[in-house]
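S.K.: Next come the chains, spelled out residue by residue.
2 protein chains.
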Amino acid sequence: MPTQHTVRSFDKELNCLSKKIAEMGTHAVHMVERSIIAIVHDDKKLAKQVIADDIFLDEAERKIDEEAILIIARRQPMAVDLREIIGAIRISVDLERIGDMGKNIAKRTAILSDVRQADPFYHGLEAFAALALKQLNEVLDAYACCSLGRIDAVREHDDEIDSMYTSLFRELLTYMLEDPCNITVCTHLLFCAKNIERIGDHATNIAETVHYVITGIYPALERPKDDQTYRLGAGK
Amino acid sequence: MPTQHTVRSFDKELNCLSKKIAEMGTHAVHMVERSIIAIVHDDKKLAKQVIADDIFLDEAERKIDEEAILIIARRQPMAVDLREIIGAIRISVDLERIGDMGKNIAKRTAILSDVRQADPFYHGLEAFAALALKQLNEVLDAYACCSLGRIDAVREHDDEIDSMYTSLFRELLTYMLEDPCNITVCTHLLFCAKNIERIGDHATNIAETVHYVITGIYPALERPKDDQTYRLGAGK
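Each protein sequence line maps, in turn, to chains X and H. Residues 0 to 235 in numbering that gives the first Met the number 0 are what the first sequence spells out, letter by letter. Residues 0 to 235 in numbering that gives the first Met the number 0 are what the second sequence spells out, letter by letter.
Treat the hints as calculated values from the structure; they're not laboratory data. Accuracy of the hints is not assured; some may be wrong.
Pairs involving identical chains hold if they fit within one copy or between any two copies, as the list cannot separate such chains.
[Stated by the list, open to error] Think about it this way: if two alpha-carbon atoms lie no more than 25 Å apart in a straight line, the pair counts; the simulated SDA-like pairs of lysine to any residue are:
(1) 19 - 82
(2) 62 - 79
(3) 62 - 151
(4) 133 - 89
(5) 43 - 126
(6) 62 - 75
As the structure is a computational prediction, the values presented were derived from the model and not from experiment.
Looking at chain X on its own, in the form it has when it is part of the complex:
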């Protein structure tokens, strides 16, 4: 989120902060993408790499925190600059959690390898992850180019994630009810689906933070939310 200041080194510091956020974003997206490839294609080696890669986000989050505090102490920024710095702290928390979601999915690769099921079990998860990552990439682009219009568009697509999550939940529950042999694999896939749904939530959190950074006000608290899985019973 580039801005212009009379103090050029302050600009540099702020740009450095948003560059670090962009790096975290790229890393988080890449982790989630590879975790899905690992679980869908039963690639345990890739899963291990994803799990090991998580440390980058943990460290990056802390570095952003420390730098943000140093900038505030040194520059005593006001208004939009201060919001930008606080925004970076908040966004780094969401990106670190998205990395955790990728790590969690990757961790399930080993157990799913032992109880491997046919490909159709994994297709829904793949498509769902693609949708959540599209949302996340969109919000990261909108943050980079500081576009309020694009940011608000992300929030409006949140219900697509909820509706796809509900379908996937229903599908996996059906497999479990059809044959108890599917219970273990589907239980783990349900958790993966939940992780992906949370990636969508984090993308929306980031969108709300960016909206706040740009405008100084948070968007209305009630976002559209249509997760029907809390009402799904057996065979429904």
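Put chain H on the given structure of chain X with help from the hints.
M.R.: Relative to the frame of chain X, chain H by itself:
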């Protein structure tokens, strides 16, 4: 986390911030406690109240953000004061998410009411929630009295949460494998258990933030983590 300053109104502002965090903490604990009562005792009215109560934490988180930014802009604090303010922002995010966990558990009360099972299905969840809430209360107390020793003790008990989560996951999976009629209720209870495990994670996050506020450095990144559920297959 009370501190002393020459500028008395600054003290007031910082105390006001930590008072708001304490209020959020009490509210979050209360939400989770009642969500468990609702689901265990099939109390749909209580579940609705919990869901409605979540707005308090959403609003409180935003208020803390806004006040923190105002204080930074007005007082230009340094060192521990600045860390305390940034810490309040981070802790409020965790407390808001803990409230979400309570709301998520409460939301499952209605569906579990339709497919009610015998009491033993719920005992594990009740005990697990009690343990997570004990951790959360401990970290909130340690924050209030600014005790580094008590904060670090919380981190050491994190593995108790993981081990209890693993047992509960195993127990619920066994019920599902025994009888397909249990699949729906146990799937929802597994998600409740996961929510409680995340409450434990948030408590640990808060402990790490408080450690940072007090000492200026984050504790070592690798916390003890022994969640075995990623390795649990059918019948294991």
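S.K.: Each hint needs a verdict: does it hold in this structure or not?
M.R.: Hints, verified against the model:
no. : hint     : in the structure
1   : 19 - 82  : both (16 Å within a copy, 21 Å between copies)
2   : 62 - 79  : both (21 Å within a copy, 17 Å between copies)
3   : 62 - 151 : between (29 Å within a copy, 22 Å between copies)
4   : 133 - 89 : within (21 Å within a copy, 27 Å between copies)
5   : 43 - 126 : within (21 Å within a copy, 35 Å between copies)
6   : 62 - 75  : both (19 Å within a copy, 21 Å between copies)
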